[in-house]
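S.K.: Can you make the complete structure from the sequences, with help from the hints?
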Amino acid sequence: LLVAPMLRCLSPIALGGLFFASGASAQITITPLEPDRTEFETNGFNARDCETNTVVRLDLNNVPDRMFVVFFRGDSCNEVDRRDGSTTVADCDRLFSVERTTDRMEVDQRIQDFLDCDEEGAAIHIFAIASDTSTATEEVTTADWGTIDFKLDTTAPATPTGLTDATGGTSVNVPFEPVSNAFRYRLYLDTALTGATMRTEAGPPPDAGGRGDAGSTDAGSDAGSMDAGPGSDAGGGGGAGMCPTDSWLNGGTPDGSGTAISCTANCEAEVSLAGLAIGQTAAVAITAEDQAGNESPFSQVVCVTRVMTTDYCDLLMMEGKQCEDGCSCSSGRSDPVAIGLLALGLFVVRRRRWRA
Amino acid sequence: MARLIALGALLSCPLASGASAQDFDETIHGEQIVIESPERFSLELRVGVYQPDTAAFDMVFDDLGPMLGVELDVIVYRLEDVGWIGVGGSFGWGSYSGFTLGPDGMPTNEETTLTLMPFPVLAVLRVDVLARLLDIPIVFMGKIGPDFVLWINDGRTTSSNVAIGLRWGAQVALELDWFDRRAARGLDDEWGINHSYLFFELYGSTAGGSMEVGTPFAWAIGLSLTF
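Keeping their order, the protein sequence lines are chains W and V.
Under our numbering, the first residue of the first sequence carries the number 1, and numbering increases by one thereafter.
Under our numbering, the first residue of the second sequence carries the number 1, and numbering increases by one thereafter.
Read the hints as simulated data drawn from the structure, not as lab findings.
Among the clues, some could well be false.
Some residues of chain V that are not near chain W, with every Cβ distance over 12 Å (derived) [unchecked claim]: (1) ILE75; (2) GLU80; (3) TYR96.
One side of the interface only, derived from the structure: several residues of chain V facing chain W at Cβ under 8 Å [unchecked claim]: (4) SER37; (5) PRO38; (6) THR54; (7) VAL60; (8) ASP62; (9) SER97; (10) THR100; (11) GLY102; (12) ASN153; (13) ASN161; (14) GLY165; (15) SER210; (16) MET211; (17) GLU212; (18) THR215; (19) PRO216.
For clarity, every value in this text was computed on a predicted model and none was experimentally measured.
C-beta: ideal position from N, C-alpha, C; glycine also.
M.R.: Written out as structure tokens, the structure is:
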């Protein structure tokens, strides 16, 4: 009971290294190159991958000098009786074969060459077997095969909830409720609205009907931010301060282009309003994304509106008190190291002045 | 704050355990004498509440901080059986978050923060005559000196500067040695820590100028060690 799972956990790479170290021929190693799953579950495929029948590019290394590399799927396909049907448990299906080129070669196939889109759940074992025939019905040695596991997950996480309309001066925080099974969230912003301002540097996407720039991915931050962007008036005017309902986010389909937000609790999406004029409004929606890259539908669309705001300094000056900036700091969050250096520098300067 | 209290409790645990008998290093002419390591410094770790005394602060920030701090004093003159006089420096950090106000005077969803980092230079008087002569484990401390407060306001725009004023403080401390003198001696022998205290301090600051960040009254509790 214990040994079998342990043996199964030994990866082909580890086995290859073992044989290499002992002087035997190395086993074929298979490394997925496309789609790039570095952000997601390794070797996992999602609903969009399957729907688009995405390209799967595999890097095969240590391929022995045979005529073909034949791909099978099933359990223990390195055993000939699993492949040729001579046993009652012949559960290996031949998928396709490719001609061997060099000991290191790339194989481009489509995801549906390996699995069906309704095969969700358990790992699917793929074997690459080097053979002089395109059917690979002969016995093979350890050096003649390699394996990789694929997994298909097409279930999207739940849709985030709890968003509310927000107002702010240069930025707003839009809070939302996290959902289970979410790996991260994506923030979508639509400024191509009646009464809103659209970015000049980003035209509407081909199928979104006048959609703003989705921004760049930033998976490492706790709160993603998206700039409403500077730009010229694209809408027909009016609608100032009112939540528009003509956003493509209403009933649209997420495409993974929103700004990534990592969050587990007390989630907030920070949206910069610097590009909106006072009184203008943009629509915001959030999706949840699981570890396979499945994206939930858009959340309820809420609106962010730029208004005139008063901060602490403004209030102090209204009281007739001072709020005198001592340096030309840029807007945005301050770096702790810079704060420390600034404190030290200002302390020295001020102390000298004070003593004088 | 809870972490600091826990730290204090942890450090004071050895003092509260074991026997309470006094340890003596030597007996000279039938008189038992305690030999302590030199006492040159005092270190304080503190946490408390500090809020600038302005109406604007109350309108924007619903935040007590906390204000964390560390202070190091150097003993420069010892008053026989009374205490000591020293000079020291402190560094504190407190951050307050809130939301800017909209045209209707109500909070928006735009977050704003105010960070204060006071670093006063202090003259310190410690009076420990009760603890030394009467075995009452209470120590008093007074502090006064120039206060420098670096402030960073990150709101609609970001601005920062240093506010300058006068800082004062009055502290009452409970000497922990009293609970277990054997453990206290052990701390001195092993680490050179002469005395340890839990303290409560009332303090204030008139720091202003570039921004009024002073307050007439604030408080802190913490752990202090002399070594």
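S.K.: Confirm or reject each hint.
M.R.: Hints, one by one, checked against the model:
1. ILE75: Check passes; 23 Å lies beyond 12 Å.
2. GLU80: Given that every Cβ of chain W is farther than 12 Å from that of GLU80 (chain V), nearest at about 33 Å, it holds.
3. TYR96: About 9 Å separates TYR96 (chain V) from the closest Cβ of chain W, which leaves it inside 12 Å; violated.
4. SER37: Since the shortest Cβ distance to chain W is 33 Å, the answer is violated.
5. PRO38: Violated. Min distance 30 Å.
6. THR54: 7 Å, holds
7. VAL60: 5 Å, holds
8. ASP62: Since the shortest Cβ distance to chain W is 12 Å, the answer is violated.
9. SER97: 11 Å, violated
10. THR100: 4 Å, holds
11. GLY102: This interface hint holds because 5 Å falls under the 8 Å limit.
12. ASN153: This hint holds: ASN153 (chain V) lies near chain W, its Cβ roughly 5 Å from the closest one there, short of 8 Å.
13. ASN161: Holds. Min distance 3 Å.
14. GLY165: Since the shortest Cβ distance to chain W is 10 Å, the answer is violated.
15. SER210: 4 Å, holds
16. MET211: 5 Å, holds
17. GLU212: Result: holds, 5 Å to nearest chain W Cβ.
18. THR215: Violated. Min distance 14 Å.
19. PRO216: Hint violated; PRO216 (chain V) Cβ to chain W Cβ min 16 Å, cut 8 Å.
Hint compliance for this structure: hints 3, 4, 5, 8, 9, 14, 18 and 19 are not met, and every other hint is.
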